[in-house]
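Note that the protein sequences, when read in sequence, are chains A and B. If you count the first sequence from 1, position 92 lands on 92 in the numbering used here, and the numbers rise without skipping. If you count the second sequence from 1, position 759 lands on 1759 in the numbering used here, and the numbers rise without skipping.
Treat each hint with caution, since some may be false.
Unchecked claim - Simulated coverage check for chain A against chain B, where a stretch passes if three residues somewhere in it have a Cβ under 8 angstroms from a Cβ of chain B:
| hint | stretch |
| --- | --- |
| 1 | 14 to 28 |
| 2 | 40 to 53 |
| 3 | 91 to 101 |
Unchecked claim - Residues from chain B that keep clear of chain A, each with C-beta distances beyond 12 angstroms, as calculated:
| hint | residue |
| --- | --- |
| 4 | Asn1038 |
| 5 | Arg1054 |
| 6 | Asp1646 |
It should be emphasised that the hints constitute simulated quantities derived from the structure, not laboratory data. Keep in mind the model is a prediction, meaning the values are calculated, not measured. Here a beta-carbon is modelled for each residue, glycine too, at the ideal position from N, C-alpha and C.
Below, each chain spelled out in residue letters.
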Amino acid sequence: MVKLSKNEEFILLSIWKLKDNAYGVTIRRDFMEATNQTLHFGSLYNTLELLMRKGLVTCWESPPGSRRGGRRKKLYYLTPEGKKALKEAQIVYRSVWQKVPDLEFEGE
Amino acid sequence: MEKRYHKPSRFAWWILEKLSVYSQRYFIKEDLEEEYLNLCQTQGKRKARRWLWRQTLLAVGFYVKYLFSWRNLMLKNYLKITIRNIKRHKGYSFINISGLAIGMACCILILLWVKDELNFDRFHENADVIYRITDRYPDSSGGYSSTAVSPWPLAEALKTDFPEIVESARLRILTHRLISYKDKKFYENDFVAVDPSFLKMFSFPLVKGDITTALTEPNTILITEETAARYFGAENSIGKVLTYNNNTDFKVTGVLKNVPHNSHIRFDFLVPFESTLRDFGWTDSWWTDNYTTYVQLAENASFQHISDKVYDYKKKISSETRTKLILQPLTDIHLRSDYAIDLYGSTENKSIYVYAFSLIALFVLLIACINFMNLSTARSEKRSKEVGLRKVVGATRHHIIAQFYGESLFMTVISFVAAVFLVYLLLPAFNNLSGKMLMLDSLKEPVFLLGLFGIMLVTGLVSGSYPALVQSSFKPVDSIKGTGLTFSSKSGKSLFRRSLVVVQFTLSIMLIVGTLIVYRQTHYMLNKELGYEKESMIYFRKRANVRNQYDAFKSELLRDPNITGVTASSDIPTYTVHSTGAFSWEGKDPETRFSIHQFSVDHDYIKTFNMNIIDGRDFSREFPVDDSTQSFIVNETAVQAMGLEDPVGTMFQLFKYRGQIVGVVEDFHYKSLQKEIEPLVLRIDPGWDSYVFVKFSSEQTKEAIASVQRVYNAFNPDFPLEYTFLDEAVERLYNSEQKTKTIFNYFTLIALFISCLGLYGLVAHMAQQKTKEIGIRKVLGASTINIVTNLSKEFILLVCLANAIAWPLAYYFMNKWLKNFAYRTSMGLWIFILSALAALVIALFTVSYQSIKAATANPVDSLRYE
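Please work from the sequences and hints to get the whole structure.
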C-alpha cells in the first residue's frame, strides 16, 4: 500500500476530478477552493514530481491550444496505481471515521 | 480573444525562469503566466504584479535553501579545500586577505566618520522642528551675502506673530571671559548667554538642579559636568559662586550633562541674558544683528507655509529693507552652513567633504576588491583540474559557482573580522587625525551593522564573481587537459585582468593627483601674501586697565626695544564680525546697496601691520580730525564697489559719523582665502577697539613676550594675560583643509599600498607560471635585464594607460574642489607628471623585485622543477 501525504492525496483527487483539464493552474485553483488554503506553485510542482516518481501520475503535453493564448500546457492523469492508491485512502478514511462519534454535539 | 495583455515584469520573469529547476518539464512559466493574467483580470494589475514578485522572492529563497541543503555533504569538502588552499599558498592568501582587510577597515573608518558628520544635532528630541533664522541681503558684487545672526527683537516678534512657532530662543556666545572661583582663574570661550526657553527647545539634560526654574533668575549659571570638575573638583557645585570678569557673581543652580561632541553649539556655561547684557553693548534695535535665533515649529506646521511668510517678515519692520529671512533646519547647520557670520566666525559648506570622503572610501574598497578578484582569478587557474574533476564526477555549473562564491565569502568574512580588529586598533589615531570622537559603539546599531554586512556581502560576491563564473564555464575535458585556459597568454581572460589593473591604478593615480593638489592649495593658503605681516605678532584682549589707560600702556610697551609696534583694533584679521549697511557717501546712487565691513583701529594700525597705502594718507596724530571719527580709510574693493574715481576727499558717512575718505589701503585678506575680499572701512574709535596687537622683532620673541607679560601684569593684576600668535590664528583658519590634507595623504598611501600588493601578487604568479620559460631563455643566453624587462614591460604599459585615463578625471574633480576657494593655486601640468612618475616608479619597484628574483634564479633549478 502506498502512503500518501495530505497534499499528495488532495492533488490526486483534484487531478481525478478535473479529468482532461488537469494542469498546473487548474489543479492549484481546485485545491485552494476545496481546502481554503494557499498552495504555492512551488509546492505543487514538488508534489507532482514526487507523485510521478511514485508512479501514481503520468502527464501528457498538450499541443498549444487557442484557449491559453498559445501557451503550452502539461496535462496530468492518474495511472491505475494512482487510482488504486486513492481508493485505498478512501477505505482507510471510511473505516477511521466510522468509529468517531458525531463531532457536532461533543463540544466543550 | 484574450483581454488586454498585461506584460509581467520582465526582470521577475527572468529570475523565475533561471531559478526553476523543473522549468522545462512542467511548463512552469506558462502556468505562472496564466495565473498572472487571471489575477490581472480579477484583482487588478497591481495586485497581480505584487503576487508575481512574491512568487519570485519565494523562489529565490527556496533556491538558496536548495543550493545549501542539497550540498550539505559537499559543504564539508568545500570548507576543507578552501582551508587547504589558504594554507598551501600562504603568501597569496596573506596578500589577499590583508589587502581586503585594510580596504574594508578604511571603508569602515570613513563610514563611521560620515555617519558622525550626518548625525550632527540629531540627538535633540525636537531636531526635526527646530530651525535657525538666517538672513540674506544683496552684497557689493551684485550677489547675495548670508549671515546666521539676527537682531534682538526678532525671536519674540516671530513667536507672537506666528501661532505655528511655538517656541523661540536667542543665543550669544561670549568669548574670552575671565571666570574665577577662589584661586582658580580661567579664560572661557564657551560662555553662552541664552533665553530660558533654550533648555525647553534643545535636549541638554540637567544632571543636578531643576530644569523648570533653571536660567529664570538673573545672576544664576548652569555649568557642564566637565566644568564643574574643573572648578570645584569633587565638591558639590550647586550654590557655589563663580565670578565673571572680576565684576559679577553668578550662583550655580544646575549642572548640565557634557555637551555631546556632535552638537553645533558648544558651551561650558549657560547664563540668562539679563546678567550679561551690559557687557556687550546690548541694543534692541532691529538693525544690529548680534544674536543667533532658533525657532521651534508646531509638530503639524507646514514648513513651506511658514518659511514663505517669514521670508518677507522684515518688510513689516521697514518697507525699505532688502534683507530676507530664511529658516535653516537644525540638522543642516553643521554641514550646510555657508555664512559670512556664524556662531564661530564664518562658515563654509562642508558637505563636499562628506561626498569626497565617501568617494575615497569607495575607491579604496574597489581597489581592494579588484586585488582580490585579480589574485583569485590568477590562482584559480591552478585549480582548473579540480574543477574539471568535480564536473566529471557530477558537479553542475551551479555547484562550481556556489563553491567559488562560498570560498570568496569565506575569505571576506575572515578579512572582515580582521578589518574590525584593525579599526579597533586604528580608531584612536584616526580620531586624532580627524579631530573626532568616534567610537565603535555604532557597531551595535542594527542599521550600521546591516550596512557593514552589506559591504561584506557585496565585496564577497563582487570579488568572487569572476573566478566563479569563468571557472565554471569550462568544459571538463578542457580544464583537465589544460587547453584553452592559459590565462597568462594573451587571451580574453588576461585582458580582463589587465583592465582591472588599469582601473586600480587609475584610481590610485587620481588619489595621488588629489593629494598633491590639496597639498598645494593648503600650502598656497598658508603662504600667500595676505597684504599684511602676520609674523612676529601677538594679540590679546584690551580689557580693564589696559583699556582705560591704553595710551600709557602702549608707551610703556614701546620702551622695550624688542617691541617694534603696538596697535589696537576692533577685529582680528582672522575673525571679522563687524559689518553694516548703515553707511553712505557723496554721490551715492540710492539703488546701490551693499554692506561694508568696518574696523576701528588706532593711528599705528597700518604701519604696524605693514600694509600699503596706495592713495591719500595714513591716519596720523598730526591731523586732529582723525581722532574725532571724521576720517576714513577704505580698501580698494570698497572704492570699486562705491564706483569712486577719485576717492580721496570724498564725503563719507558711517552710522552717525560724517567725514572724508583720507586714504585707500591696498586690499588685504582679513578673512579666509575661501572668501573674496569685501569692502572695508577703517576708522579711529578707541571705544570699539577690543584687541591689542604687539609686533616685535623676530629674534627676540621670548624677551618681547616677557616684557609684554610684565607690563600687562602691572596694569591688570586681576586679569591674567592670554595671548595668541597671529600666524597661528591664521593657520587655524585652514584647519579643515589641513585635516583633509592629512586624511587624503593617508588614504592615498593605503590605496597605493593595496594596489601594489595586488601587483606584487600578480607578478609573482606570472613569474611562477613562466618559470620554465625563464629558465629556457636563460639557457639560451638571455641576460637578467632582458628577463626583467620581459616581465615588467606589460605592467608598465598598463600603468601608463591608467595615467591617460586618470588625468582628465582627476582634473575634473580637483577643479571642482578648487572652485570652493576664491583664491586658489593653479593645477600645473607638473603635478600630473609627478603623480604619473610616482605611480610608475612604485609599480616598477614592485614588479622588479619579483622579476629580478625570477631572473636571477638558477635555470637548472627551474628546469628541473617537474
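So, going through the hints one by one against the coordinates:
1. 14 to 28: holds (count 4)
2. 40 to 53: Since three or more residues must qualify, the claim that chain B covers the stretch 40 to 53 of chain A holds, with 6 doing so at under 8 angstroms.
3. 91 to 101: With 0 residues in contact (Cβ-Cβ under 8 angstroms with chain B), the coverage given for the stretch 91 to 101 of chain A is violated.
4. Asn1038: violated (7 angstroms)
5. Arg1054: violated (9 angstroms)
6. Asp1646: holds (90 angstroms)
Hint check: violations occur at hints 3, 4, 5; the rest are consistent with the structure.
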